[in-house]
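Chemist: Sequence:
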Amino acid sequence: MISTVRLQSEPFDAAAESARLTQGRADAGALVTFTGLCRGDEAGVPINALTLEHYPGMAEAEIERHVAEAKARWPLLGVTVIHRYGRITPGEPIVFVGTVSSHRDAAFAAAEFLMDYLKARAPFWKQVERRDGSTWVEAKSADDRAAARWHKRTAAE
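Under my numbering, the first residue of the sequence shown is numbered -14, with each subsequent residue one higher.
Hint data in this document are derived by calculation from the structure and do not stem from the laboratory.
All figures in this text were calculated on a predicted structure; none of them were measured in a lab.
Careful: at least some of the hints might be erroneous.
To be verified - So the derived label-pair ranges between C-beta atoms look like this: (1) GLY14 x GLY118: 19 to 29 Å; (2) ARG50 x ASP90: 17 to 27 Å; (3) ASP(-2) x LYS111: 32 to 42 Å; (4) THR74 x GLN8: 27 to 37 Å; (5) ARG72 x HIS136: 50 to 60 Å; (6) ALA46 x LYS111: 12 to 22 Å; (7) PRO60 x PRO31: 27 to 37 Å.
Glycine included, C-beta positions come from ideal geometry on N, C-alpha and C.
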């Protein structure tokens, strides 16, 4: 199984990453991808950029741990997780999650599981840059609830 985890400052090409996941895979029946983009506003207030910081080494290890959990829970043929850090302007991609499986249910569930984890638990810190200054973004309880629901599920989902 192909498994890729990358943290990078530069933008990525979601179409190229999707193609890489399915290249030469006659056994793939489903490819599910999610690309998160930087919005031009935060809570209705225009922003100039986001700055994402992470703890190098720890962030990759934590993401890889959750990719391994997804592989253990669902019959996956491939997984790619790319997360950017640094200054990101509106319209630019922030995160890519791609999952490949023989069946759509597994691909969808694994992609959702990984995104819920990334939003709630991955060791990233987000600062919003506005015209009048910058502020750090607090964790959202909705993201925590979304991630917590996976602890109640079993591999037979």
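Chemist: Could you run down the list of hints and mark each one as holding or not?
Modeler: Each hint, compared with the structure:
Between GLY14 and GLY118 the C-beta distance comes to about 49 Å, which lies outside the given range of 19 to 29 Å. The hinted window of 17 to 27 Å between ARG50 and ASP90 holds, with their beta carbons roughly 23 Å apart. Checked against the given bound of 32 to 42 Å, the beta carbons of ASP(-2) and LYS111, roughly 23 Å apart, lie outside it. One distance hint, 27 to 37 Å for the beta-carbon pair THR74 and GLN8, holds here, with the actual separation near 31 Å.
A beta carbon spacing of about 34 Å between ARG72 and HIS136 contradicts the range 50 to 60 Å that was offered as a hint. Range check, ALA46 to LYS111: Cβ separation about 20 Å, and the 12 to 22 Å hint holds. For the pair PRO60 and PRO31, the supplied restraint of 27 to 37 Å is violated, since their beta-carbon distance comes to about 44 Å.
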